[in-house]
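K.L.:
Okay, here's what each chain looks like letter by letter:
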Amino acid sequence: DAGITQSPRHKVTETGTPVTLRCHQTENHRYMYWYRQDPGHGLRLIHYSYGVKDTDKGEVSDGYSVSRSKTEDFLLTLESATSSQTSVYFCAISDPTLKGQENQPQHFGDGTRLSIL
Amino acid sequence: EDQVTQSPEALRLQEGESSSLNCSYTVSGLRGLFWYRQDPGKGPEFLFTLYSAGEEKEKERLKATLTKKESFLHITAPKPEDSATYLCAVRDLYGGATNKLIFGTGTLLAVQP
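In order, the protein sequences belong to chains A and B.
All letters in the first sequence, in the order written, are residues 1 to 117 by this note's numbering.
All letters in the second sequence, in the order written, are residues 118 to 230 by this note's numbering.
Just so you know, not all the hints are guaranteed correct.
To be verified - Derived pair list, reagent style BS3-like, types lysine-lysine, alpha-carbon separation capped at 30 angstroms:
| id | chain 1 | residue 1 | chain 2 | residue 2 |
| --- | --- | --- | --- | --- |
| 1 | A | 11 | B | 159 |
| 2 | A | 99 | B | 174 |
| 3 | A | 70 | A | 57 |
If you are wondering where the hints come from, they were derived from the structure by calculation, not from laboratory data.
All chains, please: the whole structure from these sequences, using the hints.
P.N.:
Here it is in structure tokens:
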């Protein structure tokens with residue numbers, strides 16, 4: 001199994017509070033991704049990173065920010081959580097810069113279930 | 118716009134009853150089509166990558182096939198442990214260096230003993 005750890009695994013918080021989710025990898029992969037998974041929508045990309053301090057927006061980035069200060073850690077922050085951000089959040093990794101890995105799959109962590117009341 | 122549609126949304130089979138799941142896709146150019154399995158409370162687990170029409174991949178009771186418009190995941194003589202949600206995703210040939218995937222909403226498979 002790919003060495004991807006997400007924390008916390010579950011969190012319940014109130015509207016308006018800041019929330020930070022963490023993704024930690026031990027594979028030394030360059031690319032990291034944050035997705036959210038909601039019924040009827042499948043997995044949707046929030047933000048991704050292609051290196052330390054290099055990040056970009058995905059298709060549902062409003063209300064989210066990210067940071068990557070080390071190769072192994074990718075943080076997702078909800079500055080002021082809203083009920084619409086209740087979801088399951090998944091982190092994924094890949095490294096298309098590795099020789100022979102240009103078109104390899106992404107590998108996923110086991111997710112964080114976030115409930116915003 | 119890239120799009121992935123999976124059908125059926127849910128499928129219930131008896132143990133040993135073979136069937137197929139469908140993944141229809143629209144992309145500018147297909148760089149790869151990926152199948153994942155997802156168990157409750159877990160992240161997606163990679164199964165197969167298909168790159169070009171006519172390609173087939175097999176793993177135990179699963180066989181994935183690809184045409185220019187769709188992919189099928191054939192399940193032969195399924196067992197209860199095959200119960201899971203199966204996700205399909207595509208990577209666009211013109212998607213740049215981000216390696217982004219576009220996912221379908223999945224098929225929930227339940228295999229009853």
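K.L.:
Confirm or reject each hint.
P.N.:
Verification of the hints:
Pair hint residue 11 of chain A plus residue 159 of chain B holds up; C-alpha atoms about 16 angstroms apart against a cutoff of 30 angstroms. The suggested pairing of residue 99 of chain A with residue 174 of chain B holds, with an alpha-carbon distance near 23 angstroms, which does not exceed 30 angstroms. At most 30 angstroms may separate the alpha-carbon atoms for a hinted pair to count; residue 70 of chain A and residue 57 of chain A meet this at roughly 19 angstroms.
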